[in-house]
Amino acid sequence: MNRKLMVALGLAGVFALAVTGCASAAPKASGPVTITYSNFISNAGNEKNLDKIVAAFEKKNPNITVTVKTLPYDSYGTALQTDLAAGTPADVFDINGPSSYGPLQANGVLAELKAVPSAKYNKALLDSYATDGKQYALPTSFSDVVLYYNKDLFDKAGLKYPTSSWTWKDETAAAQKLTNKAAGVWGDHQPVTYNEYYKALVQNGASFLSKNGKKAAFNTPAGIEAAKWLVGKSGTTMPTVADGQGTADFDTNLFKAGKLAMLHTGIWVFGSFADTPANWDIAVEPGNTTTASAVFSNGIGVSATSKHPAEAQKWAEFMSSSDEEVSVRLDAGWELPTISDTAKLNSYLTKGKPANRQAVFDAAKKIAPAPSIGDNQSAMQDAITGELVEAQAGRESVEQALTNAEKKINTLLAG
Amino acid sequence: MSVSVAQTALLDKEPQFRHAIPTRDGRTARNRARYTFTVLAFLLPSAIPLLLFVLGPMVAAAWVSLHKWNLLAPMQWVGLGNYAKLLTDPITGDVFVHTIYYIAGYLPLVYFGGLALALALNTALKGRSILRGIYFLPVVTSWIVVALVWRWLLSPTSGIVNTVLAAVGIHGPGWWTDPHWAMPAIIVASSWKDLGFVMVILLAGLQAIPTELYDASKVDGAGWWRRLFSVTLPLLSPSTFFVIVISLINGFQVFDQVYAMTGGGPNGASEVVVQQIYDLTFRYGRAGEASALSWMLFAVVLAVTVIQVRGQRRWVTYG
Amino acid sequence: MAEALLTARTPARRTVGRAPRSREAKLRLAGVIVLHLVIIVGAIAMFFPFLWTIITSITPGASLTTTPALIPKNPSLGAYQRLFVERPFGQVILNSFLLAVITTAVQLVTSSTAAYAFSRLPFRGQNVVFGVYLATMMIPLQVLIVPLFVELKAFGLLDTYLGALLPTFATAFGIFLLRQAINQVPRELDEAATIDGAGHFRIFTGIILPNIRPAIATLVVFAFMGSWNSFLWPLVVLRSPELQTLPIALAGLQGQYTSQWDVIMAGSVVSVLPMLALYVFAQKYVIQGVASSGIK
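Residue numbers (UniProt numbering), protein chains in the order written: chain A, 1 to 415; chain B, 1 to 319; chain C, 1 to 296.
When the alpha-carbon atoms are kept at most 25 angstroms apart in a straight line, the in silico DSS-like pairs for lysine-lysine are as follows:
#: 1; chain 1: B; residue 1: Lys126; chain 2: C; residue 2: Lys284
#: 2; chain 1: B; residue 1: Lys68; chain 2: A; residue 2: Lys408
#: 3; chain 1: A; residue 1: Lys351; chain 2: A; residue 2: Lys48
#: 4; chain 1: A; residue 1: Lys407; chain 2: A; residue 2: Lys211
#: 5; chain 1: A; residue 1: Lys259; chain 2: C; residue 2: Lys73
#: 6; chain 1: B; residue 1: Lys85; chain 2: A; residue 2: Lys407
#: 7; chain 1: A; residue 1: Lys366; chain 2: A; residue 2: Lys351
#: 8; chain 1: A; residue 1: Lys59; chain 2: A; residue 2: Lys344
#: 9; chain 1: B; residue 1: Lys68; chain 2: C; residue 2: Lys153
#: 10; chain 1: A; residue 1: Lys114; chain 2: A; residue 2: Lys314
#: 11; chain 1: A; residue 1: Lys307; chain 2: A; residue 2: Lys60
#: 12; chain 1: A; residue 1: Lys48; chain 2: A; residue 2: Lys344
#: 13; chain 1: A; residue 1: Lys169; chain 2: A; residue 2: Lys156
#: 14; chain 1: C; residue 1: Lys26; chain 2: B; residue 2: Lys218
#: 15; chain 1: A; residue 1: Lys52; chain 2: A; residue 2: Lys351
#: 16; chain 1: B; residue 1: Lys126; chain 2: C; residue 2: Lys26
#: 17; chain 1: B; residue 1: Lys68; chain 2: A; residue 2: Lys215
#: 18; chain 1: A; residue 1: Lys69; chain 2: C; residue 2: Lys153
#: 19; chain 1: B; residue 1: Lys68; chain 2: A; residue 2: Lys214
#: 20; chain 1: B; residue 1: Lys85; chain 2: A; residue 2: Lys215
#: 21; chain 1: A; residue 1: Lys314; chain 2: A; residue 2: Lys52
#: 22; chain 1: A; residue 1: Lys181; chain 2: A; residue 2: Lys169
#: 23; chain 1: A; residue 1: Lys228; chain 2: A; residue 2: Lys177
#: 24; chain 1: A; residue 1: Lys353; chain 2: A; residue 2: Lys365
#: 25; chain 1: A; residue 1: Lys123; chain 2: A; residue 2: Lys314
#: 26; chain 1: A; residue 1: Lys366; chain 2: A; residue 2: Lys123
#: 27; chain 1: A; residue 1: Lys407; chain 2: B; residue 2: Lys68
#: 28; chain 1: A; residue 1: Lys366; chain 2: A; residue 2: Lys228
#: 29; chain 1: A; residue 1: Lys259; chain 2: A; residue 2: Lys151
#: 30; chain 1: A; residue 1: Lys214; chain 2: B; residue 2: Lys85
#: 31; chain 1: A; residue 1: Lys120; chain 2: A; residue 2: Lys351
#: 32; chain 1: A; residue 1: Lys307; chain 2: C; residue 2: Lys153
#: 33; chain 1: A; residue 1: Lys408; chain 2: B; residue 2: Lys85
#: 34; chain 1: A; residue 1: Lys123; chain 2: A; residue 2: Lys365
#: 35; chain 1: A; residue 1: Lys48; chain 2: A; residue 2: Lys59
Not close to chain C: a few residues of chain B, all C-beta gaps over 10 angstroms, as computed:
#: 36; residue: Ala73
#: 37; residue: Lys85
#: 38; residue: Phe96
#: 39; residue: Leu107
#: 40; residue: Phe112
Since the hints were made in silico from the structure, they are not lab data.
From the three backbone atoms N, C-alpha and C, an ideal C-beta is built for every residue, glycine too.
Starting from the given sequences, assemble the full structure and let the hints guide the process.
Here you go:
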């Protein structure tokens with residue numbers, strides 16, 4: 001028994017050594033170099049498109065080979081965390097948005113990217129991957145959330161279509177007129193989640209966190225109003241959770257079936273709406289005191305332990321701003337490139353339904369910044385979504401839900 | 001930390017070993033060495049992989065549990081701080097209560113259901129091998145698919161279950177959308193999925209019962225129920241013991257179905273221990289606490305298993 | 001129903017065609033009918049989700065929340081075609097099959113030998129060792145993943161099949177299952193063999209193994225299934241696309257924002273069928289094994 005224990009303890013020692021030890025990066029002289037790229041963005045349909053970009057890169061840089069490793073989106077975080085814990089991350093890896101970027105950067109696993117051609121990028125998106133004026137990752141693509149509407153239902157009700165000058169009041173008024181529960185037609189749909197809430201706060205002149213980021217700031221009259229705006233739709237102009245609201249594909253199916261007049265969702269559903277018989281279009285989401293839209297981006301970073309940081313950065317830049325990448329993405333409808341040169345994006349505007357594709361770019365001009373708090377990011381998001389759903393189900397008042405969430409989140413922020 | 005020390009008391013009274021202590025008296029040292037060699041030859045093929053790839057990482061996890069670690073930055077020693085933190089965090093109690101609630105509902109359903117199924121499908125029923133295959137189907141189907149189907153069956157307003165209940169005048173509950181009914185929904189779906197698992201093990205156990213025993217008891221004029229209690233169940237007890245021990249160990253580690261059906265919701269109402277462990281490790285950057293919670297879970301499962309092993313001689317009979 | 005179960009179990013004893021039907025016989029018949037009905041209704045309930053999966057897999061552009069039509073409008077095998085033509089599912093299934101076969105074979109050896117040792121070879125501290133074996137099942141895999149990964153990195157086995165396989169080579173589950181079965185084999189059989197001069201190895205292969213065939217067939221099914229469905233460990237340890245296994249390829253069909261449910265369900269059907277075939281095959285073996293084994 002004792003010997004077994006010794007072996008086990010020895011193993012623990014090996015483990016501890018491997019965890020605390022860190023590899024030092026020694027840049028090698030030029031010569032054929034292979035870098036690894038771990039990604040989830042090409043998963044589920046864009047693997048071949050990524051191959052095209054890699055081929056273009058290798059053609060331009062004959063001495064660099066990129067080995068691509070694609071992981072399922074859902075489990076990417078688990079695999080990346082394991083790699084980082086064991087010190088085996090790929091040279092270049094995907095970052096699931098600024099909220100994942102925060103903890104990665106704070107723990108020093110990302111290499112600083114120097115001399116990035118920043119003029120090539122959309123500034124707001126680029127800045128969301130920078131800390132203290134230094135760039136640690138690059139945005140590869142983005143999508144934003146807009147207001148979809150069913151023109152036929154609006155025509156039938158004799159209502160004017162939504163415009164970029166609409167406010168919450170206009171949306172509520174239209175939604176009430178469009179809702180016909182007897183016919184199973186609903187006026188509006190907006191998820192009751194953290195992502196919608198932090199945006200609604202900005203739309204109402206409030207913010208999720210205090211200026212210094214040390215405290216929750218949503219439990220205010222403006223914050224309560226924003227929560228009521230989301231929660232109050234449920235059961236009046238929007239189906240309830242019991243009806244299926246909040247499950248995968250529920251909202252988009254309802255919209256495709258012509259039973260939903262307005263829908264808040266991302267531009268990623270363009271493809272699946274393309275063959276819907278109904279007439280539909282999009283508009284920038286209405287705000288209350290101001291307009292603000294949620295933008296979701298994916299990022300790409302270079303590992304701090306990469307042995308080939310220069311080559312890795314070269315690939316990261318190519319994958320986020322090269323002409324080849326831009327054209328592959330636009331041709332395939334694979335989200336949107338993050339470049340600043342709008343002329344290169346013109347072909348996107350005339351790619352077919354919806355007609356008002358300009359709204360996609362307009363929405364990206366006024367971004368509601370997502371709060372970022374480091375290690376506890378996911379715990380914070382879970383806390384607010386959980387409480388909002390309680391309020392939505394009527395098991396708590398909105399005020400009570402926000403007070404509970406504020407308490408939980410302040411505890412997280414206090415560490 | 002040591003598995004073996006905690007385990008010392010576990011099995012020393014197990015019945016089948018009592019009568020068969022090796023007959024070493026009068027044997028030469030050479031014989032003894034040969035016997036040791038035989039034991040090692042039979043044991044090492046399993047002992048080496050278990051030691052290297054399960055016990056080793058378990059000990060490493062114990063080491064991690066004494067540190068603050070987010071997987072990214074170097075570990076910081078906190079001693080028993082993680083355990084203290086978990087013991088004062090109300091969520092720890094919640095996740096254990098939810099897990100025990102799950103087991104209390106799941107175990108009787110799946111055991112008695114699986115037993116009835118095994119008994120029924122052990123008869124000369126026509127097409128029984130196809131029927132066994134069908135009852136086994138849910139066991140091999142992934143939780144992703146099973147959860148989708150059950151969420152749809154248990155949909156509060158349009159699901160089949162509530163539609164049927166409404167037809168007989170019962171207003172169905174909100175199932176996975178309602179904090180009080182989320183766990184029952186998970187229990188129902190899990191029992192449904194695992195019936196086939198219990199059935200397979202008990203069927204194998206039933207196959208091992210000699211038919212002569214039935215014939216003998218029939219000659220004595222015993223009815224079906226008497227034969228069930230005097231022949232079938234006693235001779236099935238080793239399989240039953242196995243099913244219960246394994247189901248409890250697995251039950252304490254319930255995760256996939258919760259993740260797929262409710263994600264722990266609504267608002268944490270169905271959050272279970274392993275889900276909390278997963279979230280702490282990979283989502284919340286608190287791997288040290290996750291390891292500590294795992295060892296707390298280990299202590300509970302170990303205690304439950306020891307009680308079962310101690311209790312088995314009262315009802316488990318070996319051939 | 002109770003009587004019916006019994007009667008059905010031993011058909012030879014049934015008194016078929018007795019002229020005036022007694023009340024008892026009528027009851028039996030009613031029992032048989034009820035039993036059949038219950039079992040068949042239950043089977044439909046069990047089969048339904050799989051049927052749902054098949055229907056969704058042949059419905060182009062299928063979505064989830066709508067009730068599936070029993071007969072899809074434009075049934076198509078397009079999803080299956082995409083699985084095998086656009087994606088390397090042929091390769092992926094082969095990989096999973098290879099891993100499952102090796103895991104099962106090795107587990108049969110490690111489980112049966114250990115089970116024999118725990119059942120038939122008393123030694124000092126046996127109960128403690130068996131307790132330690134059982135304890136290996138009591139810590140969730142989720143916390144072992146990172147230490148295990150670090151360990152295999154030290155062995156230089158990351159991104160290799162050996163690295164994926166090694167941790168699956170022995171399971172307390174299989175050992176416990178077979179130990180229970182061996183404990184049921186009458187010891188008189190061993191003793192008789194010992195008198196004939198047989199050693200432990202011969203008793204193990206010649207007497208014990210043939211007598212626990214139902215349990216071995218059960219272990220084959222579960223060992224294969226465990227490997228076939230395992231997700232977390234292969235996910236982190238195997239990264240090269242050419243080494244990928246089925247569950248990970250299936251998870252890869254769900255995207256960041258949208259998923260193609262017809263393809264996912266087609267993948268699910270493809271992953272379930274081999275397991276089902278194995279089970280049906282193993283069941284036949286169990287029944288055969290019992291019928292032909294001499295000791296009963």
